[in-house]
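Trainee: Protein chains in written order, with the working numbering: chain A, -9 to 334; chain B, 83 to 588; chain C, -11 to 165.
Quick caveat, the hints were computed from the structure, so don't treat them as lab data. The structure presented is a predicted model; accordingly, all values stated were derived computationally and were not measured. Hints are not guaranteed to be accurate.
Stated by the list, open to error - Coverage of chain C stretches by chain B, computed from C-beta distances (three or more under 8 Å per stretch; other residues unrestricted): (1) 27 to 38; (2) 44 to 53; (3) 69 to 75; (4) 104 to 112; (5) 146 to 156.
Idealized CB from N, CA, C, for every residue including glycine.
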Amino acid sequence: MLCRLTGVTIDLAVMHMGGDIMRNFIKGLALAAALFSVAPTPASAFPEAGKPITIIVPFSPGGTTDVSARVLAEFLEPELGVPFEVINRPGATTQIGSTALSQADPDGHTLSLASLPSLVMTYVDEARQAPYDRSSFTPVAHYISGANLLAVQADSPYKSVNDLIDAARENPRTVRMGTVGLMSNGHLPGIALEDTADVQFAFVHFNGAAPLVTALLAGDVDVAINGTQTTIPHIKAGKMRAIGFFGDRRTAFLPELPTLRDQQIDVAAPSSFAVIGPAGMDASTVETLSSAIETVIAKPEFQDRLTALSLESNYMTADELEAYWADFETRQARLIELARSAQQ
Amino acid sequence: MSENFSLLLSGFGNALRMENLIFAFAGCFLGTLVGMLPGLGPSAAIAILLPITAAMDPTAAIVMLAAIYYGCQYGDTITAVLFNTPGTGGAAMTAVEGHMMAKQGRAGTALAIAAIASFVGGTITVGVLAMIALPLTSLALSFGPPEFFALIVLSLVLVVTLGSSSILRGLITTVFGLILAMVGTDPVMGLPRLTFGQMHLLDGVAFIPVIIGLFGVGEILKNLEDPSNSFREAVVSKLQITRDDARRSAPAIARGTVLGFLIGIIPGMGTIPAAFMSYVTEKRLSRTPERFGTGMIEGVAGPESANNAAANGALLPLLTLGIPGSGVVAILMGALMMNGIVPGPLMFEEQSDLVWTLIASMYVGNVILLVLNLPFIPMWVSILRIPYSFLFPVILGFTVVGAYSLANSQFDLGLIAVFGLIGYVMRKLDFPLVPIIMTLILGPMMEGGLRRSLEMSQGDFTIFLNRPITAGFLALAVVFLLLPLVSGVRRRLKRASTPVSSGETD
Amino acid sequence: MTSADPQPDTGATSQTGSGGQGTRQVHRTYAIAALTLLLIAGIVGQQAVSMRFYTYLGPGAGFFPAILAGLLALLSVSLLYQALFRPDTLPRVAFTGDPRAYARIATVLLALLAIAVFIEDLGFRPMMALFFFVMFAVLGRHRLLLSATLAITLTFAYHFFFKSLLNVPLPSGAFGL
C-alpha cells in the first residue's frame, strides 16, 4: 500500500539512517541555546554553504523510493558539503509531492526523487487536474532503472510469455492477470502486452503487492505483473516461476530470466527513478548536481548498498534524461489512452 | 510440535538475556509513550524508532521492535479511555465504553481490564502462532477477493444493525460515512470521484485525521462548553476490579481473542474490524444490549483482546508467506529485513533461531507491558487532575503534530478542524460516531472487493455463490439484516408509545 | 447557567428548560441538520449522475454514490419530518446559554484552521507558540506574561521532543524557524 504505483512495491525499511538520531539529538541541544536564531543566508553560488538541500519523496517512508532517496542523500552530503533533508510528501500517486516541487524555489536546494511512470501518469491523465506538466520541472539526473516481471504459480501450464499469449488468443478475457493497481505501473505494461500481441486478458487490480502475491499463491489469478523484490523470495521457495521480464535488458537479480524482447515480443516497460527539480534551474546548478550524482553512483560502496536493496543504478545526464522523459511520456500517454478505451 | 517446543524454549533463552530484557523494557516504554500520542500509532512508532534499532545486533533489534509493536497497542488505550481520543482506529471501540467508564470514575478499572485483556489476547495468540502457524496458512490463502467482499458485507450489515438510541440517526451516520468513503479514486475507472478538484482527496479522506477530529477534538470542544467540571468524576478513580467486572469480562476476553485472531489472519483486514466485530458480538450476546454505550466493561475487554489478538494474527501471513497482513506489519517487515531476517516461506527453515526469538520476545514483551502498565495506571489517571486550561492545549498540540507528521500535510490539519466541528455537532445532536469510523474503513474495501471479484469472474455474479465461505458469509449477512427487522420492529412499535429521553451516547 | 462559577449540576448532560422554548430549539437544530444532509445528498447525487452507473463487469463508478445519495435524501427527509412534526421524539439538545462557551469553541476551531493554513509559511515554532499563547490566554484566561512564557516553553519542549529526539520532520517556514 505504501507505494502502489512504483513497479517494485515492497515496503523495505528505511536503511542506515542510524546516525541521524544522534546527530539530531546533538543538533537539538545546540538549538536549545538559540531557539529563534535566524540562519544567515547570503546569496552566493550553488550550493549555498550551510543551506540544506531538501529531497522531496512523494511516497511514504519505508518504500523503495524513500530508501533510494535516503541512500543517495547520505552519499551526496559529503560530496556537496551541505546537509541533506529527505521529506516525505506522500499521496495521490505522487501528485502532492510533485505539486510541492513544481512550486518550489528553483535554486537547486529543493529537489525530488521522481518515479517517472507515476509522475507522467498524474499529468497525462487530465481528469486528475494536476497543476503541472513536464515543462514545470528541470531534469537533473536519471538514477535507477527497474522493471516488473510476469510471475506464475510453480505448477502453472504457462512456461513462457508466448504460452500466455496463445491461451489469451484462444479464449479472450479468460487469463486472469493480477496487477498492483488500476492504471498503475503494473497495469500499463499489461496493456502494452495486450496491444502488441493483439490479445485480451482479464485484468484483476489489487491494492499493492501484498494482496497480489497472496492471490497468485492462492490461484485467484493465473499470472501476476509484479516487482522483482516481492517475487524473488517465492521463486526461491519454489512456489512461483517468472516467465518474462519487462525491462529493456535482463536484471542482475534473475540473470536467467529472459526479457519479453528475448521471447520475440516487442514490449519493454522499464520504470525509472530520476532526480528532478523545479523549472527554471540554472544550467550550472544542474551540472553541479548531476556530476555529483554521477560520482556517487560510480562508487563501489554505493553500488553495494543498492545491491543490498535489490536496486540497479542507471545514470543519465540531464540532457539524456530530458530526451528519455519526452519519449517515455509519449509511450505512457498512448498506454493510458488504451487502458481507458478498454474500460468503455 | 515437541520440536517446536524446544525451539521455543531456546528462543526464550535468547529473549530473556539481560541486555535483551533491557531493550524489551525500553521498547515497551517508548512504544507506550508514542502510542499514547494521538495520530502517532504503531506504524509511526516503528518508523520513527527504526534508526535506533539499526545500530543494534539483530536479536536485540527484534526484541525491541516487538516490544514497540505491543507497547503502542497498550498506549493508545490510555488516551482513548482518559480523553476519548483513540490514537488509532483499533482503540476507537475501547474509547466508546472505556471513556464512559472514566466519566463514571472507573477509568482505573477500564485501563486495568484493558491491560489484562490485551495481555491475554496477546499471549494466547502468540502461543497459537508458535504451535500451528503452518496449518493456519492455508486459511489465510483461502481468503480471495470474493471471501473478503462477503466478510466486509457482513461487517457492514453489523454496522447498520448495531443500533443506537435512534435507528434513524444511526442509519444517517452510516450512510454519511459510506458517502465519505466514496471520496477518492474509484476502483472501476481509476478516475477522481467526489474530490471536487482537490488533489489531497484523491486517496480518499485520510482516516487518522478523521478519528482524531471526530473523537479527540470533538470531545474537547464539548468539554469547553463547561470546562470546569469536564473530567471531575474521573479524578476520583480507583483501580478496582470487582468480582462482577471479572465475571463479565472473562468470556468477553475469550471470545475477543478467538475472533480477533481469526480476523487478523486474513490479509488486509487489520485490527479495526476485529475490535468492532468483538464489540458487536458482545452487544448481541449481552442480556442488556441497550446499556452498551453507557460504560459496559465487556465493551472494553472484548475489543481490547480482539485488537491485540488481531495484531498477532496479522503476523501469521508475514511469518509463513512473507506477506504483510497490515500496514503496520509491512513496516515491521522492513525493520526485520534491515536486521537480516527475510520474512517468507523459508524463514522457519533458514532462520529458525531468529523466528523463535521473535516469538518468545513477543511473549516477554506482553509480560513486561502488563507489569509496567498496571502500577502506572494511577499515574495516567492522575493526568486528569491537571487543570483543563493546561491539559487541553497540550492535547491539542499533540494532535496537531500527530496529524501533520502522518504525511507532512497541511490539508490533514484542516481535516482535524472540520471533523472536530462535525464531531461536536454530532455529539450535541446525539448522532452515534462509531458508524462513520467503520464505514470509512469498510466502504472502500467493500467496493474494491466487489470489483476485484467481478474482474476475476468477468462479470459473473455466481462467483459469490460457488465459493462456500463466500456464500456462508453472505447468508449470515442476510440473516443479521432480517432478524432485527422482524423482531426489532415489533419491539420498537411497542416502545414508541413512551417517548425516548436518552441523554448521552458518545 | 451563565455564570462561570463551578456549579455542581451544570454538566453537559443537563437538559434545557421544559415547554415550548426547548421544543422549538430541538426542532430548529434538527431541521437545520436535516437540511444540511439533504444538501449533501443533492451534491453527491448530482456528481453521481455524471459517472457510469453500470459497466459490463458490474457496478460502475457512479453506482454506489447514486444509491447512497438517494438513501441519504430519504433519511434526511425523515429527520426533517421528525423535527417539524414530532420533535418530542428527539433528544433535547443541551444549550449552555453561555456565549463565552461558544467563543471558546470558535477560538479552538479557528486556531486549528490557522495552524493548517499558516504552519508551513510561518514555521512550526512561531505558529505553535502563537497557538499555545492564544489557548492559554483565551481558554485558561491566564495573564499574558504567564501565557507567553508557557507557550514558548511548551513550543520548545515539543520541538525538542519530536524533531530532535524522535526525528519527526516539522515545517521550518520562510524564516527557517
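Trainee: With reference to the structure, classify each hint as holding or not holding.
Mentor: Status of the hints after comparison with the structure:
no., hint, in the structure
1, 27 to 38, "holds (count 3)"
2, 44 to 53, "holds (count 8)"
3, 69 to 75, "violated (count 1)"
4, 104 to 112, "holds (count 4)"
5, 146 to 156, "holds (count 5)"
Hint violations for this structure: number 3 only, all remaining hints satisfied.
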